[in-house]
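Just so you know, the sequences run in chain order A, B and C. When we follow the working numbering, the leftmost residue of the first sequence carries the number 1, and every step to the right adds one. When we follow the working numbering, the leftmost residue of the second sequence carries the number 1, and every step to the right adds one. When we follow the working numbering, the leftmost residue of the third sequence carries the number 1, and every step to the right adds one.
It does not matter which identical chain is meant; a pair holds if it fits inside one copy or across any two.
Calculated cross-link-like contacts (lysine-lysine; reagent style DSS-like; alpha-carbon spacing at most 27 Å):
1) K304 / K361
2) K94 / K13
3) K345 / K335
4) K98 / K111
These aren't lab readings, by the way, just hints derived from the structure by calculation.
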Amino acid sequence: MSKIEIKTANEFKEFCETLRASEGYKDPIAFGIARVDKGQLDQDKILQASYAAVSFKENFLSAAAIIWALSEDGISVDFNGSEFVAEFSQRAAKKAWKLLGVFKDEMQTHKNVEVVYNVKHALEEQKNVGKFRVVFIFEDTKPLSVEVVYLKLYLLSLQKAPLRSLVLDGAFGVLPNVAWDANSKPIELEWLRQNEVNLKMNGEYPTIVSVDKFPRYLSHIIPCDNTRILDSAKVRMGALISAGTTVMPGAAYVNFNAGTTGSVMIEGRVSSSVVVGEGSDIGGGASILGVLSGTNGNPVSIGKNCLLGANSVTGIPLGDKCIVDAGIAVLEGTKVYISKEERGKLALINPEFKFEKEIYKGLELSGVSGLHFRQNSQTGQITASASKRAIKLNEALH
Amino acid sequence: MSKIEIKTANEFKEFCETLRASEGYKDPIAFGIARVDKGQLDQDKILQASYAAVSFKENFLSAAAIIWALSEDGISVDFNGSEFVAEFSQRAAKKAWKLLGVFKDEMQTHKNVEVVYNVKHALEEQKNVGKFRVVFIFEDTKPLSVEVVYLKLYLLSLQKAPLRSLVLDGAFGVLPNVAWDANSKPIELEWLRQNEVNLKMNGEYPTIVSVDKFPRYLSHIIPCDNTRILDSAKVRMGALISAGTTVMPGAAYVNFNAGTTGSVMIEGRVSSSVVVGEGSDIGGGASILGVLSGTNGNPVSIGKNCLLGANSVTGIPLGDKCIVDAGIAVLEGTKVYISKEERGKLALINPEFKFEKEIYKGLELSGVSGLHFRQNSQTGQITASASKRAIKLNEALH
Amino acid sequence: MSKIEIKTANEFKEFCETLRASEGYKDPIAFGIARVDKGQLDQDKILQASYAAVSFKENFLSAAAIIWALSEDGISVDFNGSEFVAEFSQRAAKKAWKLLGVFKDEMQTHKNVEVVYNVKHALEEQKNVGKFRVVFIFEDTKPLSVEVVYLKLYLLSLQKAPLRSLVLDGAFGVLPNVAWDANSKPIELEWLRQNEVNLKMNGEYPTIVSVDKFPRYLSHIIPCDNTRILDSAKVRMGALISAGTTVMPGAAYVNFNAGTTGSVMIEGRVSSSVVVGEGSDIGGGASILGVLSGTNGNPVSIGKNCLLGANSVTGIPLGDKCIVDAGIAVLEGTKVYISKEERGKLALINPEFKFEKEIYKGLELSGVSGLHFRQNSQTGQITASASKRAIKLNEALH
Numbered sequence: 001m002s003k004i005e006i007k008t009a010n011e012f013k014e015f016c017e018t019l020r021a022s023e024g025y026k027d028p029i030a031f032g033i034a035r036v037d038k039g040q041l042d043q044d045k046i047l048q049a050s051y052a053a054v055s056f057k058e059n060f061l062s063a064a065a066i067i068w069a070l071s072e073d074g075i076s077v078d079f080n081g082s083e084f085v086a087e088f089s090q091r092a093a094k095k096a097w098k099l100l101g102v103f104k105d106e107m108q109t110h111k112n113v114e115v116v117y118n119v120k121h122a123l124e125e126q127k128n129v130g131k132f133r134v135v136f137i138f139e140d141t142k143p144l145s146v147e148v149v150y151l152k153l154y155l156l157s158l159q160k161a162p163l164r165s166l167v168l169d170g171a172f173g174v175l176p177n178v179a180w181d182a183n184s185k186p187i188e189l190e191w192l193r194q195n196e197v198n199l200k201m202n203g204e205y206p207t208i209v210s211v212d213k214f215p216r217y218l219s220h221i222i223p224c225d226n227t228r229i230l231d232s233a234k235v236r237m238g239a240l241i242s243a244g245t246t247v248m249p250g251a252a253y254v255n256f257n258a259g260t261t262g263s264v265m266i267e268g269r270v271s272s273s274v275v276v277g278e279g280s281d282i283g284g285g286a287s288i289l290g291v292l293s294g295t296n297g298n299p300v301s302i303g304k305n306c307l308l309g310a311n312s313v314t315g316i317p318l319g320d321k322c323i324v325d326a327g328i329a330v331l332e333g334t335k336v337y338i339s340k341e342e343r344g345k346l347a348l349i350n351p352e353f354k355f356e357k358e359i360y361k362g363l364e365l366s367g368v369s370g371l372h373f374r375q376n377s378q379t380g381q382i383t384a385s386a387s388k389r390a391i392k393l394n395e396a397l398h
Numbered sequence: 001m002s003k004i005e006i007k008t009a010n011e012f013k014e015f016c017e018t019l020r021a022s023e024g025y026k027d028p029i030a031f032g033i034a035r036v037d038k039g040q041l042d043q044d045k046i047l048q049a050s051y052a053a054v055s056f057k058e059n060f061l062s063a064a065a066i067i068w069a070l071s072e073d074g075i076s077v078d079f080n081g082s083e084f085v086a087e088f089s090q091r092a093a094k095k096a097w098k099l100l101g102v103f104k105d106e107m108q109t110h111k112n113v114e115v116v117y118n119v120k121h122a123l124e125e126q127k128n129v130g131k132f133r134v135v136f137i138f139e140d141t142k143p144l145s146v147e148v149v150y151l152k153l154y155l156l157s158l159q160k161a162p163l164r165s166l167v168l169d170g171a172f173g174v175l176p177n178v179a180w181d182a183n184s185k186p187i188e189l190e191w192l193r194q195n196e197v198n199l200k201m202n203g204e205y206p207t208i209v210s211v212d213k214f215p216r217y218l219s220h221i222i223p224c225d226n227t228r229i230l231d232s233a234k235v236r237m238g239a240l241i242s243a244g245t246t247v248m249p250g251a252a253y254v255n256f257n258a259g260t261t262g263s264v265m266i267e268g269r270v271s272s273s274v275v276v277g278e279g280s281d282i283g284g285g286a287s288i289l290g291v292l293s294g295t296n297g298n299p300v301s302i303g304k305n306c307l308l309g310a311n312s313v314t315g316i317p318l319g320d321k322c323i324v325d326a327g328i329a330v331l332e333g334t335k336v337y338i339s340k341e342e343r344g345k346l347a348l349i350n351p352e353f354k355f356e357k358e359i360y361k362g363l364e365l366s367g368v369s370g371l372h373f374r375q376n377s378q379t380g381q382i383t384a385s386a387s388k389r390a391i392k393l394n395e396a397l398h
Numbered sequence: 001m002s003k004i005e006i007k008t009a010n011e012f013k014e015f016c017e018t019l020r021a022s023e024g025y026k027d028p029i030a031f032g033i034a035r036v037d038k039g040q041l042d043q044d045k046i047l048q049a050s051y052a053a054v055s056f057k058e059n060f061l062s063a064a065a066i067i068w069a070l071s072e073d074g075i076s077v078d079f080n081g082s083e084f085v086a087e088f089s090q091r092a093a094k095k096a097w098k099l100l101g102v103f104k105d106e107m108q109t110h111k112n113v114e115v116v117y118n119v120k121h122a123l124e125e126q127k128n129v130g131k132f133r134v135v136f137i138f139e140d141t142k143p144l145s146v147e148v149v150y151l152k153l154y155l156l157s158l159q160k161a162p163l164r165s166l167v168l169d170g171a172f173g174v175l176p177n178v179a180w181d182a183n184s185k186p187i188e189l190e191w192l193r194q195n196e197v198n199l200k201m202n203g204e205y206p207t208i209v210s211v212d213k214f215p216r217y218l219s220h221i222i223p224c225d226n227t228r229i230l231d232s233a234k235v236r237m238g239a240l241i242s243a244g245t246t247v248m249p250g251a252a253y254v255n256f257n258a259g260t261t262g263s264v265m266i267e268g269r270v271s272s273s274v275v276v277g278e279g280s281d282i283g284g285g286a287s288i289l290g291v292l293s294g295t296n297g298n299p300v301s302i303g304k305n306c307l308l309g310a311n312s313v314t315g316i317p318l319g320d321k322c323i324v325d326a327g328i329a330v331l332e333g334t335k336v337y338i339s340k341e342e343r344g345k346l347a348l349i350n351p352e353f354k355f356e357k358e359i360y361k362g363l364e365l366s367g368v369s370g371l372h373f374r375q376n377s378q379t380g381q382i383t384a385s386a387s388k389r390a391i392k393l394n395e396a397l398h
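Sequences are here, hints too, so could you generate the full structure?
Here you go:
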């Protein structure tokens, strides 16, 4: 076991760079230290992983320090797998602190340092032993562990990795389906079953708030100051709720790997894989279809400053400043009439698009900007025209 | 007071069969032992009843054992009423245990035995005295007590009795309207009023999560492992959420005496009395009308493998493999055009149905399979054609 | 410091009338004593104010008594500002009690007396010191403090002031955006950020239920006995939920400064500024547009006994007994055909309205009674006819 002493940031840097240069070493794409919740019946089963800091293509020296600390604890990281997860013990935490402790006065800006500091302290209490995991991703392939799925969800929700950019295939298979209690703690359904009689007859049956594989976004993520989520049930962990976005409690919903790239008003459904651009307004009950339902796998992006009217349905990607009128459904197969005059106006907005006919299928209009979809209330015809209305979110609300 | 000693399952059986054969004795249709929550002001008012086991047309020997235990406690069951509710005291619990205790090593499979065992223990603590009720239903008529309404809701939610099969008329009148706190405990509204000043000024006003006559499904029922309910507010007690069903948190809702018969994706409203068949997908914001709103009392069943598109409205029963396109409303009075060609195809799927005309009212198409309801986006005409699309729930989600 | 002794209600009245008659004195429009929640980081920042009693154009003598008590505590109320907020200390509470204590046997009917009594007692405990504010509104202009915004929200929710009657401009700017925990306590987002690592690594991160400037209605208001709100997330503080109203948990939502004037079934969205009349039924997913989205600032009122069908959208004010069919959108610009025959029938119901043409814009039909909006399912035409259907909420539900 090596005996080292690190006293300055420079010594830290030198030491860690040496580690990084060693044979077989590989920088992780992402890493973090998580506190985990384990199964009540099966203590080897991880039900949830909570991170206070995650790194994505950054903090490679801290990663090296942690990897060294693991080796000092007898754990050698396998750099060849796509991911590596190990217990982060008190011994490892102490070793890591020998290196990272050099930054102890800068913890607010070095979150990994603060994490190691807090974990080291927490591990002085018996109840916290066995609760921590260090998690590395070396290759972005199908996640194999609960800890890695959570790490990826954090990367998406914290806008470290763009929406749709991470491989989440198989995540549903990896995550256990659990009951979440009023304190956001996961409980195995089988444990509830085995203890139902005792709990109920003693008046101690827990309040179950949801049953799902995913936790809620607000159980893990702190939104920006000007961001509002009126009901925590409405946003799944792994969603991206950018600064300035408001999620109302009516029919709204934002799934994982979906969200907003700026200030957006959400009163409708933002399905998995949907990305909504800054300044757009998703009206009450408006539905944006996800890849899992009716879009043939084409993820839908909504451009900037669009307005999706109340109870409208959008199944195609939209460019900027589009309007879908209340109650209208614009799907891939929806036939849309555009008059010659309107085609002229739209051609100016979309110089790259060839407007050559009267009737378009919805899918053909994917990504076109400035479209205003309407239904003629006297003939029932769905039409598109050039959108005149400038869509502004009411400033007073933000 | 009789002195008996039961040492074997056979002796138990013999003893209970004798009881059942006694004059005037009647097997209950359903029974259970509940822990009750009482009014804060009116201790005689039952606000909620929690069962850990309920029996429906089964466990007649256990029922007899409990009825005998009551008689030993001085309570004689009235077999002539439609229901019978009595306090289950420590004395009754001990007496019942004299009989049921013979199964003490098989409690996991004999839930009623486990219940009596736990109640007996709970009653050793003063705080639990007066908290238990034994509840029998002898005839399925209008429920007269809170305990019986809850027993019926359990029978529905646990799939012991089919949806719509139990008499719930008058249940709204029997159940008190209460405030439910964050621990799923019911509080009388009048108690809140009387204590508002004191509670608020001391910072002790409770968090009220809902005000309703019904509790939430997840406060009483443990779903199957592959079942998901992302927001407990979305499912009322008395709903049936079959294995494999997912209830999303957007606009979804499942009322009591409504639900699914298999794996179903629910992102819309399943109103009271609606039954949805296995493999169907209720899209975001889709509404299925209940008997209380616009269906003239005909409860709506949705067949297997149907797809109700986002924001569609369905007010008629559908057969299997039907599709209602996004945003379309198909009500009893909606006129639907079916072309000759499509009628030919549909006749093959529905040999018993006479397709003899071009225009049908929605109601006339009740229960027909393979219909695909659309609105022509150029003429506004609502049409039905033969559904080509095979509706499969994405397997990756389950 | 004056030395007074009040022994009878008459003495109290005389004393307070003298105060009211003093030069420069002005009766407040509204007042109340609130318990406040302060910032975790910034103790000068008020995050929430809870009132157990609020007065609106009433209880002027109690107001005078409290103003006198403040002056005895060295605080002189500024009658010239639009509002006045001051700490209500133990000294002030004791002084106020010297006057109001004369009613100590009638506290249930004199809520302000009960409040002062409870505050006086609470302030005997150190933890409650600094927690109380006395709040006066002298002029109904833009609120300048969190305490006054809350006071106005209470006046609306308690039906003391009519919806839309109070000035709330700038309220969004005054209220801080905070995280609300499972006990309805507000937490500064910045405090969460600063403590995230420590809280998460020790398993003590709080459950966050919403992030919003507004609290939930049910955290402050006790509904009437026959009123139901199935999900507290669905109603923002400042909404008016009149006796007999039911708010379902599907797509429903009631914003602040919006609500019902009687028994109403709400399964859709009641946006800010919308008022729904007694006996109306807002169907599942129905949207009523608010002034902030698409109504050009004309607040929408829905008359009595109207039915808004499932997934309908209404952007114009409706008279009584109107029906908007399921899935239909009636906006200001929607063209609506009314046949000559139907115009005749409607003219009888609306003698003041001139029916002179076939096609009306939605906006032109604002406030007309007895309209039944439909879409012809064979031609796509939106029509209005005289509503035949009497809309009754199912009595069994109430």
